[in-house]
Structures are given as C-alpha cells and as structure tokens.
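Asker: Listed here are the chains, written in short residue letters.
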Amino acid sequence: MSDANGRFGNSADLFDSRLGLGGKAGVLLPDGPQIDPLKITLDQPDDFDGWREAARELVLAGVPPMSVVWQVAGDDGELFGSEGAVPPAAGGEPMFSVPKPFIDLAKAAICHSEPQRFALLYSLLWKLKANRRALEDRADPLVDRLEKLAKEVHRDAHKMHAFVRFREVEEGDGTRFVAFFEPDHHIVRREAGFFVRRFTTMRWSILTPELSIHWDPATESLTEGPGATRADAPDGDPLEETWRTYYANIFNPARLKVKAMLKEMPKKYWRNMPETALVAPLIAGARARELEMIEKAQAAPRTGGNIEGAWAALRQEAMSCTRCDLFRCGTQTVFGEGPLDARIFFVGEQPGDQEDLAGRPFVGPAGQLFDAALEKAGIERSTTYVTNAVKHFKFVLRGKKRIHSKPDTAEIEACRWWQEQERAIVRPPLTVALGATAARSLTGKTLTITKAREAPLTLADGSECWVTVHPSFLLRIPKEERRREERARFVEDLRRIRARSEELAAA
Amino acid sequence: MAQLDTREKLAILADAAKYDASCASSGTSKRNSAGGKGLGSTEGSGICHAYAPDGRCISLLKILLTNSCVFNCHYCINRKSSNVRRARFTAQEVVQLTLAFYKRNYIEGLFLSSGIIKSSNYTMEQLVEVARSLREDHDFRGYIHLKTIPDADPELVRMAGLYADRVSINVELPTVPGLKRLAPEKSAGQIEGAMLGMKGAIEDGRDAKKKYKSAPSFAPAGQSTQMIVGADAATDSDIVVKASTLYDRFSLRRVYYSAFSPIPDASAVLPLQRPPLMREHRLYQSDWLMRFYGFKPEEVVSAAEPDGMLPLDIDPKLAWALKFREYFPVDVNRASREQLLRVPGLGTKAVDRILRSRRFRTFSLDDVARLTVSVAKIRPFIVTSDWRPTLLTDRADLKRWIKPEKSQLELFAA
Ligand code: SF4
Chain A
1 MSDANGRFGN SADLFDSRLG LGGKAGVLLP DGPQIDPLKI TLDQPDDFDG WREAARELVL
61 AGVPPMSVVW QVAGDDGELF GSEGAVPPAA GGEPMFSVPK PFIDLAKAAI CHSEPQRFAL
121 LYSLLWKLKA NRRALEDRAD PLVDRLEKLA KEVHRDAHKM HAFVRFREVE EGDGTRFVAF
181 FEPDHHIVRR EAGFFVRRFT TMRWSILTPE LSIHWDPATE SLTEGPGATR ADAPDGDPLE
241 ETWRTYYANI FNPARLKVKA MLKEMPKKYW RNMPETALVA PLIAGARARE LEMIEKAQAA
301 PRTGGNIEGA WAALRQEAMS CTRCDLFRCG TQTVFGEGPL DARIFFVGEQ PGDQEDLAGR
361 PFVGPAGQLF DAALEKAGIE RSTTYVTNAV KHFKFVLRGK KRIHSKPDTA EIEACRWWQE
421 QERAIVRPPL TVALGATAAR SLTGKTLTIT KAREAPLTLA DGSECWVTVH PSFLLRIPKE
481 ERRREERARF VEDLRRIRAR SEELAAA
Chain B
1 MAQLDTREKL AILADAAKYD ASCASSGTSK RNSAGGKGLG STEGSGICHA YAPDGRCISL
61 LKILLTNSCV FNCHYCINRK SSNVRRARFT AQEVVQLTLA FYKRNYIEGL FLSSGIIKSS
121 NYTMEQLVEV ARSLREDHDF RGYIHLKTIP DADPELVRMA GLYADRVSIN VELPTVPGLK
181 RLAPEKSAGQ IEGAMLGMKG AIEDGRDAKK KYKSAPSFAP AGQSTQMIVG ADAATDSDIV
241 VKASTLYDRF SLRRVYYSAF SPIPDASAVL PLQRPPLMRE HRLYQSDWLM RFYGFKPEEV
301 VSAAEPDGML PLDIDPKLAW ALKFREYFPV DVNRASREQL LRVPGLGTKA VDRILRSRRF
361 RTFSLDDVAR LTVSVAKIRP FIVTSDWRPT LLTDRADLKR WIKPEKSQLE LFAA
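Taken in sequence, the protein lines are chains A and B.
With UniProt numbering as the guide, the letters of the first sequence map in order to residues 1 to 507.
With UniProt numbering as the guide, the letters of the second sequence map in order to residues 1 to 414.
Among the clues, some could well be false.
Said to hold, decoys possible - Away from chain A, derived, C-beta distances all over 12 Å, residues of chain B:
no.	residue
1	S59
2	Y106
3	A376
To be verified - With a straight-line cut-off of 20 Å between C-alpha atoms, the simulated SDA-like cross-links for lysine to any residue are:
no.	chain 1	residue 1	chain 2	residue 2
4	B	K30	A	K406
5	A	K148	B	T348
6	A	K259	B	K30
7	A	K406	B	H281
8	A	K259	B	K323
9	A	K129	A	E53
10	A	K263	B	Y284
11	B	K242	B	K209
12	B	K180	A	A61
13	A	K263	B	H281
14	B	K296	B	K323
15	B	K30	A	T201
16	A	K268	A	D184
17	A	K151	B	K349
18	A	K259	B	I117
19	B	K377	B	E338
In short, the hints are calculated from the structure, not lab data.
Here a beta-carbon is modelled for each residue, glycine too, at the ideal position from N, C-alpha and C.
Input sequences plus hints: build the corresponding full structure.
Answerer: Below, the structure written as structure tokens:
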C-alpha cells in the first residue's frame, strides 16, 4: 500500500518542513517555482464548520496541502501567505464524500491546541480523496498523529466532566452554580452539552480562561461570554467542608497507591478542586494510621470468647484443604493442637506415618523423643501448642512401608497459610522452629540450623522465634556417642527456650 | 449545627464503606435531565470525579445507612462485637447529601449499603426508601447502586431493582468453610439463592421491556458481587474458578475483589498482616483475561504456580505465555484475532488496530511499535516482516529478561 502513501509524498513530513519555515515568505514547491500559499482564517480555534467549508472548496479546487496556511482570527498568525479567493473548482473534479469516522476524528482533533491541527486534517482529507480507506490504516503516521490528538481531546473532555467543581452563589433572583476550569484544549463549546444534559434545571456558569458559558434553565439557553480568571469565580462553598470530610474518610490508609492517583488526577487539576488540599496530609498520616491499627489490635486483651470457635472452624476448614497436591497423599489433615493461650508454639516439619493415621501431631517415635526432651527441659507439653509446617503426610511407598519424604518449597509455601492462621489465633510470644522446614515456613527464608540456633529471630508480627533441630534428626544419627551429644544439645536449647519464655512472661 | 452533625455521621459512615471495592457507575441506560424537574444524567460510561491517595476512584457517594449491625462477621469492622463508633443516617439525610454533592458535580450518584439493624426487611425498606425518594420525590436521574440484604423479602428486593441502576449481593468469601468460619451467621446457600432470584428478576425486566416500551427498567446495569481475598485459605486458582462460575450462573456484570485489610478493632480470628495488594491486582487481570481475551478459567489456573497462586512479579498473561511457549511466536501479519490476543503486551485495542491496518500494510516491527505501548515486551513473542525472534522465546532467562522493573505499586510493602 505504499504507493497510496507515496503518491502525495508523506504529507505529515511535507507539513512539518513547510510550516517550519516561519517568517520566510513563499515556499519552494518540489517542481521549482515560488508561489505564495493561500491563507485561510477561521473564526474560532474550534471552528469545525469553517474548516470544513474551506477544506471542501480547497480540495475541489485541487489546492495541495502544501499551498495552504491555516490560522485563527485574532492570532498573530503566519507571516507569509496571502488572503485570497480559493480558485474555482477545476472543472473535471468530481465531488467526493468522506467516511463518517473522519468527521468524528476531525471534530475532536480540531479542538486540540496543536497549531498544525487544521493543516494535518487537510492533509488527511487530501489523502482520503485518493484513497477512501486511508483512515483505516491506523499505522499510517499521519492517521496515527491525528488519532492521538483526538485522544488527548477526549481525555481533556473527560477530565472536564469529572473535575469541574461548582460553587453555589446567591443572586438576587435565585441561586447560580459557578465553576472555574482550565482545560488544555479548546473543548468548552464541545462539552457544554454534557453539562446542559446533566444540570438542565440548574442555573450555572463555567468560566475558563478562553471563554465562559452560561446556562439559563428558564429560557433553556446557553450563552457565551469572555474568558475569565479564577478571581472571577466564587472562592468557596459551605458544602466543601462536608465533601472534604467524605474524601478523607472514604480513603483506606492501608492501601496507599499514590502513583495510581497521580496518573488519573494529575497535579495541574488540583488547584481548582477543593478536596486535593487533603492529599498530602492524608498520605503523610497513612502509615501511622495503619500501624496504630495493628498495634491496637495486638495490644487488645484476649477476650471476646470467639477464639475457641475460630480455632475449631479453622481446623474444620483445613480438613478439606486442597492448596497443594499432598491432600491426595495422606489419610487426613493433621492439624495443630494445644491450649490457645500457649506461650510456646512449636512448629515441626510434617506428620509421619503414625500421625497420619492418628490425626494428631507428634505421636510417633519422633514425638516420643520430643516429649522426653521437653520433660528433661522442664517444659510441660500440655501447656504448649504443637503443629507442623506441612499438614499432610508426604511419603513414597517401599513395599508396604510408607517412607517419609521431604516436602518441597511449593508445599511449604502452600501450607504456610495454616500455620500463620494458627499463630494469629494463639499469638504466642515465643515460637520454636524445629528444623529447616519449619524455619522456612516461619521466615520464608532458607536457614542453616547450626547458625540460626545461636540467637533468636524476630518474626513479622514482632514476636521472637528460636530455631533448633527437628527431633527426627536425632533419631537418625547412627553413632551412639554423637546421638547422645546432639540430644543433650537439643535439651539444652529447650531449657534456654523455657528460661526465655519465663523471662518474657515476667516482663 | 445540623450541618456539623451530618458531617460527623458522614465521617463514620464513609469510613465504614471504604472496604467496598466497587465504584463503577457505568453500563446503565442513557438518561438526562431534559424535560424533568430534577437533575442528573448517565451517558454509558461512568465518571471518576476524584481519586483518593489509595489510588481508587471516587465516582459515587459510597456510604452506609448505618454501621450498626446485628451480625458478627469477623472480617467486618461493623460487626456486633466491634468497638467502633456507631452512627445512623435517616433516609432523608442521605437523599439531601446525594443531591447536594451531585449539584456541585462531585459525584455520579449514590452507592448505598448498610449494616443490618432490627431485621433484614426493616433495613432493606430503609435502603429502598432512599432510592424511592431520590427517584420519585426529586426526579433524580443519576446513578444509584444498592447493596441488597440477601434474606430480605423478595418484594423489597424487587423494588430495589426498580429504583436502582445496579444491585449487588456480596458473596463475602470465596470458600464455604471460610464463610462458615468468618461469617458464621451467613450462609452460602442463602447468598447464592438471592443472586439467583435477582438474576431472574433482571431477565424478566428485560423481557418486559422488549414487549412494552413503557415497562420500567429493572437494574439496567445488572448485578455485581464482591469477595474478600486473603482472609481465608482460598488460592488464586480457587478464586478464579469461583468467579467464573459466578459469572456463568448468575450472569453477573462484575466480580470485585477486595484484598482483606487489617481493620481497627479486628477480631482475634483475623490475620493482622494485609495480603499484598498486588494479589488483588493479579486477580483483576485474570478476570480481564477471561472476559475480554478468551481465556478459559482452566487456562488461567494453568498459569498459576504449583501452590495455586498467580505469580506476583509478572502479569498472568505473561505467566501463561512463558509456560506455553510452543504457542509462540505469533505472526502479526497472519495470525487470527484469538492468537494475537494471547501475545503478552498486546491489548484488545492494539489487536483491533492491527487487524484493521493489516489490510493496508505488511507490518514491520516499527508499525507494531506505533500501535502499542511497549514493543520490547512484545518482541519475543511475535513475527513481523522484518523480525523473527530467534531463540528468544526459548531462552531460559526470558522471564528475567522481560520482567517489568520492580513495581512501585506498594509504597510500604508489608
Ligand atoms: S499439605 Fe497443607 S497445603 Fe497441602 S493440602 Fe495439606 S493442608 Fe493443604
């Protein structure tokens, strides 16, 4: 299709170079001779009818885009070109009609503040004459440019619909609603209808720097006046304080998204909107408000009696969990257990063969070892809450035996939700991660146990977390002597945890 | 003095409404105030009159009639056991406030919901009275959205539909166990029953309108719903499937997602941490994929990670494309609309423009660039007259290569 483009050259480029000449009279046509371009003066910056009339004549007379200069009455305008009659239509030129989308495009684009809009449109019209479907080629640079102008005009219009703010003023014979607005483009006449349709029964005025429009419901007439400044508009309305109250309270401080706001409500509109003065203080106070909410919730006394019910319902919910594929594997979900006001919260890895059948955590061999160690450390298991990072038994079948297999990170991630909810209900001051899987579930990070067991970590909710080995690790150490050593070390860890828990309770 | 009083109530009752995600004021019948006594118009698409610092648009006066409630849903700040300050508007106060705001061009209309006081029917009557008064006493022709009470008398719900442009009934939580735990007094059966009833009423209304031009329009903007995300164990996959069945079964216009946010005086049962807002965003994107891009729910699900969650760092369309690379590259000059819609970074508008322009030119990469926002993102997935991705779509590090810069969406990531 490049010949359709090529026939008149690249019109947009022609215009660019032509109009870029500023101050130089005459122009060099491709074939040589100097001619004085024709100057067309339109009445208004958004004078679509004037443009259409002139453009129609020009096209029929065969005047190429490069030979026309467009300007608006009252503008300083072009220094070159001469006012003159359009030559009569060349006899042989047939009439031609343009497709409807072109009219829509032109009506919008003509309101743009871009000085070349008339010329660009005429170029496109010229192109349409040669190829009626030229407009459908959206990738053509000239079409693209004009579509973009039209889009900016639509956006400006949309912002006017949205951001005009009326203020009520008493006049001798009633009330008038007056707004001051500063559009980017020449859209006021074009958009007046929107306000008429919406506020038919109100008396109103919209003042803008370029012109003012006034609606009188009694005579149903819209009149135009000269441009205005902000000082010409009333400077307040008693309802604005109420509106600001609404604005401040409908906003959720826990979800600050300043960029998203700025994208839709750029700062240039702010000065004529009563609510925008609140933006900065609301943003500044948001994080503090959210933290305050969280702190209050954390400090709240544990009354309210719904904790037992909530835990039972949570357990029930977990029974039908399908968050990861392990639900197909085990017999049942093995949920945590223990008093809901426990001060120590143990997280193990996953249920084993016996736990899977019993439906309770830490009842198999590792659980027995765990019980014994707790006793040695002086911790009563019945005062603690015990749960697992992963709540379904994962295994591989070897003959008839179900051999434990380690949960992977996706499974830990999926199951982590339960552990977090359990902790949200129990809110333990001290959590113990038994082994790497538990540590991963609690912190979201992969830790080396030997390093991590030296000092406590702080969890997201601000509470303390101690890391130690998993009891099943102690079962698997083959050498008697090393096994004894490690078990003693485990008991030592638990003693320290007990001491720390008592310390926290006393504080 | 009276003014001040209204303002105090407004502060409380707007604050209580801020967890509602819906703000739409579009998709209703066209109206204007010509020839009437009142004011208001709707022109197809709604208008966002302001934006709050949380990035959400303010289109409607979104308030509760009262934040008192006889229920005790844990996720809700208005639940019976919460210590929050209570307030209650009269129907007339809401009417006056709506009109006064509308006259100043602050809003497109009203979105009214309420805590449940006395009984479901009593509460519903009050909501309907506000809408009735606006429409009948004041000839208000702007937008009205009413949140209906699921177990209110069907006759009242029908009246709501006669006055309102849109009605909604919240499903609250994506899973039945979640609903049991967090809203023990509500039942999924009841909520869905109400939605089914509403669907029937909307369809009857449309039929009547076809037969008699004078028949009143019934909820012309349809019904919508909202679910809270992140307060129960539902994964993104669960939610996507749930949403698509809701769309199918109840012909919903929209499903809104509201990332659970910590509320003051929270129930002991709730997480204190908010889920990332990005999760909500990804769910909305997946919603778009199904509604406008021809993705089936199971395809969106297949883009999720093994734990059922959509990736947070890339959008679901890109996630899908990275998993199903055999589908690419797509030839811009030859591919069908369906195929083009699968290309990450190509929106519906760009696809339509390409299809329209394709009859006139053979697309080069520059031509594509002119019609899209970022050709860099698209390049690995397309073929044009002068471009063919070589091994690009197979590169193991492709994801890292085209992944967007770390998003600024969350100013204070939790
Ligand atoms: S292992 Fe955890 S996440 Fe996976 S199905 Fe079982 S309970 Fe659900």
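Asker: Work down the list of hints and note, for each, if the structure agrees.
Answerer: Checked hints:
{"no.": "1", "hint": "S59", "in the structure": "violated, 9 Å"}
{"no.": "2", "hint": "Y106", "in the structure": "violated, 6 Å"}
{"no.": "3", "hint": "A376", "in the structure": "holds, 18 Å"}
{"no.": "4", "hint": "K30(B) to K406(A)", "in the structure": "violated, 61 Å"}
{"no.": "5", "hint": "K148(A) to T348(B)", "in the structure": "holds, 17 Å"}
{"no.": "6", "hint": "K259(A) to K30(B)", "in the structure": "violated, 33 Å"}
{"no.": "7", "hint": "K406(A) to H281(B)", "in the structure": "violated, 33 Å"}
{"no.": "8", "hint": "K259(A) to K323(B)", "in the structure": "violated, 31 Å"}
{"no.": "9", "hint": "K129(A) to E53(A)", "in the structure": "holds, 16 Å"}
{"no.": "10", "hint": "K263(A) to Y284(B)", "in the structure": "holds, 19 Å"}
{"no.": "11", "hint": "K242(B) to K209(B)", "in the structure": "violated, 31 Å"}
{"no.": "12", "hint": "K180(B) to A61(A)", "in the structure": "violated, 78 Å"}
{"no.": "13", "hint": "K263(A) to H281(B)", "in the structure": "holds, 17 Å"}
{"no.": "14", "hint": "K296(B) to K323(B)", "in the structure": "holds, 15 Å"}
{"no.": "15", "hint": "K30(B) to T201(A)", "in the structure": "holds, 18 Å"}
{"no.": "16", "hint": "K268(A) to D184(A)", "in the structure": "holds, 10 Å"}
{"no.": "17", "hint": "K151(A) to K349(B)", "in the structure": "holds, 13 Å"}
{"no.": "18", "hint": "K259(A) to I117(B)", "in the structure": "violated, 39 Å"}
{"no.": "19", "hint": "K377(B) to E338(B)", "in the structure": "holds, 19 Å"}
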